[in-house]
Each structure stands twice: as structure tokens, then as C-alpha cells.
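Enquirer: Sequence:
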Amino acid sequence: MRVQSLTLVAASAVLLAPTTFPDAPPAPPLPDPARILLPGAPDRVEPPRADRSGVRVGPALRLPAVRPAPPSGVGPDSGAGARPKRSGNEGPVRAADLLARVRDCDPVSRGRYRSDAGAPADIPVCGSRDAVYWKADLDIDCDGRPGDRCNGRTDPHFSPATAYTESDGRPLDAERLPYVVVPGPSGTWDPREEDVRGGSLAALVHGDRVRYAVVGDVGPSDLIGEASYAAARSLGIPADPAGGGVASDVTYIVFKGSEAEPIEDTAAAEKAGERLARKFVDGG
Numbered sequence: 001m002r003v004q005s006l007t008l009v010a011a012s013a014v015l016l017a018p019t020t021f022p023d024a025p026p027a028p029p030l031p032d033p034a035r036i037l038l039p040g041a042p043d044r045v046e047p048p049r050a051d052r053s054g055v056r057v058g059p060a061l062r063l064p065a066v067r068p069a070p071p072s073g074v075g076p077d078s079g080a081g082a083r084p085k086r087s088g089n090e091g092p093v094r095a096a097d098l099l100a101r102v103r104d105c106d107p108v109s110r111g112r113y114r115s116d117a118g119a120p121a122d123i124p125v126c127g128s129r130d131a132v133y134w135k136a137d138l139d140i141d142c143d144g145r146p147g148d149r150c151n152g153r154t155d156p157h158f159s160p161a162t163a164y165t166e167s168d169g170r171p172l173d174a175e176r177l178p179y180v181v182v183p184g185p186s187g188t189w190d191p192r193e194e195d196v197r198g199g200s201l202a203a204l205v206h207g208d209r210v211r212y213a214v215v216g217d218v219g220p221s222d223l224i225g226e227a228s229y230a231a232a233r234s235l236g237i238p239a240d241p242a243g244g245g246v247a248s249d250v251t252y253i254v255f256k257g258s259e260a261e262p263i264e265d266t267a268a269a270e271k272a273g274e275r276l277a278r279k280f281v282d283g284g
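Numbering-wise (UniProt numbering), the sequence shown opens with residue 1 and increments by one.
Keep in mind that the hints were calculated from the coordinates and are not lab data. If you're wondering where the values come from, they're calculated on a predicted model, not measured in any experiment. Just so it is clear, CB atoms sit at the ideal spot from N, CA and C, and this is done for glycine as well. Worth double-checking, as some hints may not be accurate.
[To be verified] Derived DEER-like restraints, expressed as beta-carbon distance ranges:
id	residue 1	residue 2	range
1	R153	A267	41 to 51 Å
2	R153	D130	25 to 35 Å
3	D168	R129	33 to 43 Å
4	R153	R176	12 to 22 Å
5	G207	A242	18 to 28 Å
Given these sequences and hints, build the entire structure.
Expert: Spelled out as C-alpha cells, the structure:
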């Protein structure tokens with residue numbers, strides 16, 4: 001996360017009742033933040049980003065003989081409570097199915113987040129039994145191991161460190177690893193209370209695309225809506241750290257208690273993410 005100083009928001013708002021993603025009136029300016037660090041996160045000393053409001057922008061098969069169907073109402077799958085059998089080849093989880101599943105919001109945050117410095121605080125973190133989710137913009141996180149596109153020349157706020165590291169202790173690679181950024185723990189919300197931590201699996205939805213990522217970095221405790229260079233590219237979002245991203249309509253779904261191990265195994269994260277997304281869509 002390009003803003004390395006984590007802030008503690010002393011928000012004590014009452015939990016919001018279940019609703020849809022709402023539009024809320026602008027909140028008063030937050031007090032000057034106090035600097036905190038997650039346990040185990042590297043101390044990255046660097047002036048915080050003052051504003052994140054830039055442009056985001058063969059042969060035939062021989063089939064066995066078919067047995068006559070049993071009379072209506074006979075058999076183990078008959079009756080009003082019988083479930084239709086699945087084909088076992090349902091295909092990838094669709095964006096529309098995930099969005100329908102998170103249409104309603106039961107807030108787990110005790111307040112709301114800003115998408116950028118100076119923007120209204122109108123984004124709640126919502127939750128269900130299996131996941132937490134929010135809808136926001138997507139700012140580009142280019143931190144971690146420097147590469148051709150993520151380095152001190154391309155990103156004036158570049159940091160060579162990430163809150164979580166690969167299995168060998170090196171920082172994550174934002175150019176190659178799709179990861180999302182969660183807010184630092186505060187009075188508004190502490191991700192750890194919902195069993196969300198480094199390596200937790202996430203589904204990202206933008207338009208008709210669904211992509212899978214891991215939780216890889218921690219950001220300011222009052223802002224939400226950020227993902228790595230690789231995550232943005234996978235969603236078809238401009239990934240230039242100096243002016244890329246998109247201003248709205250990205251849905252972040254993080255599955256509670258999940259973990260990609262090792263965190264840098266993209267193929268394993270995609271496979272596990274698809275499985276968890278299917279379970280989430282099916283309500284189980």
C-alpha cells in the first residue's frame with residue numbers, strides 16, 4: 001500500500017441495520033491519524049499519499065440402454081423437497097451470480113470508509129457467514145519487489161515492502177501476483193475479527209469479469225478500494241500506477257478463514273477461489 005502510515009479511527013457508530021449498499025451524506029473530516037502497525041508488518045517509513053483521487057481509470061460414444069423411467073412420485077429424488085441433480089460441469093462462477101449474492105448489506109464495520117482522501121465516508125464493509133465484501137473504486141498498489149512497471153520511477157509513492165511476504169520472506173510482486181489491500185485495523189473495523197488476514201482468498205468482480213486474488217497488503221485505516229497492478233490487469237482495468245485504476249464499480253469479496261499457501265501460488269489461489277466462490281453462490 002502506498003500509504004504506509006496506518007491510522008486509528010476512533011469511530012464508535014452503532015452497527016448499521018441490514019440494507020443495500022447505501023449512499024450516505026458526507027462525514028465530517030477524520031481526526032489526525034495516529035500511527036500504528038499490524039503485528040509482523042514491516043515498518044515502512046514514508047510520507048503518506050495525500051490523495052488517491054486521480055483517474056482510475058472423435059468417435060461417437062456408445063450409450064447404454066436407457067431404463068424406463070419410474071412412475072411419477074417414485075424414487076429417492078421425488079417429492080417437494082427433492083433437489084435437482086447437478087451436471088458436475090457448471091462452468092466458472094458468473095459475475096452476475098456473485099453480485100446477486102452480495103446485493104444486500106449486513107454491515108460488519110462500525111462505520112464507513114472513504115474511497116480517496118477527501119471523499120465522503122460512504123462505503124460499509126458488509127458480511128455474511130462465509131465472507132466479507134464491499135463495493136468501491138480500485139486504486140493501483142504497485143508496492144513490493146520492483147520490476148519494469150512497478151518501481152520508484154513509475155510510481156512516486158512506490159515502496160519496496162508489503163505488509164505480507166512470500167514464503168521465502170521477500171516482499172510480494174505486484175506486477176505478477178493479484179492481491180487486494182484491506183484497511184488497517186481501527187475502531188471502524190478490524191479485519192482480523194472476521195478471520196481475514198494475509199493470504200486470505202478473495203474474488204474481484206468488475207463488469208462481467210470475475211478474478212481471484214489474495215489479501216496481500218494493508219492500507220490506511222480510513223480508506224478502502226485498492227488492489228495490485230496484476231489484479232487490475234486481470235480485470236481489464238488500466239494498471240498504470242501513476243494514473244490507472246477505476247473510479248467505481250469493483251466488488252471485493254474476501255472469504256473468511258481461507259488461505260492460499262504459499263501466498264504467491266497464483267494457480268492454487270485461482271483454483272481455491274473458484275471453489276469458494278461456487279460454494280458462496282450456492283449458499284453453502
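Enquirer: Look at each hint and say if it fits the structure.
Expert: Now the hints, each set against the structure:
For R153 and A267, the Cβ-Cβ distance of about 31 Å falls outside the hinted range of 41 to 51 Å, so the restraint is violated. Distance hint for R153 and D130: a CB-CB separation of about 42 Å, inconsistent with the stated range 25 to 35 Å. Take D168 and R129: their Cβ atoms lie about 35 Å apart, and the range 33 to 43 Å holds. Separated by about 19 Å at the C-beta atoms, R153 and R176 satisfy the suggested range of 12 to 22 Å.
Evaluation of the 18 to 28 Å hint for G207 and A242 yields a pass: the beta carbon distance comes to about 23 Å.
Hint violations for this structure: numbers 1, 2, all remaining hints satisfied.
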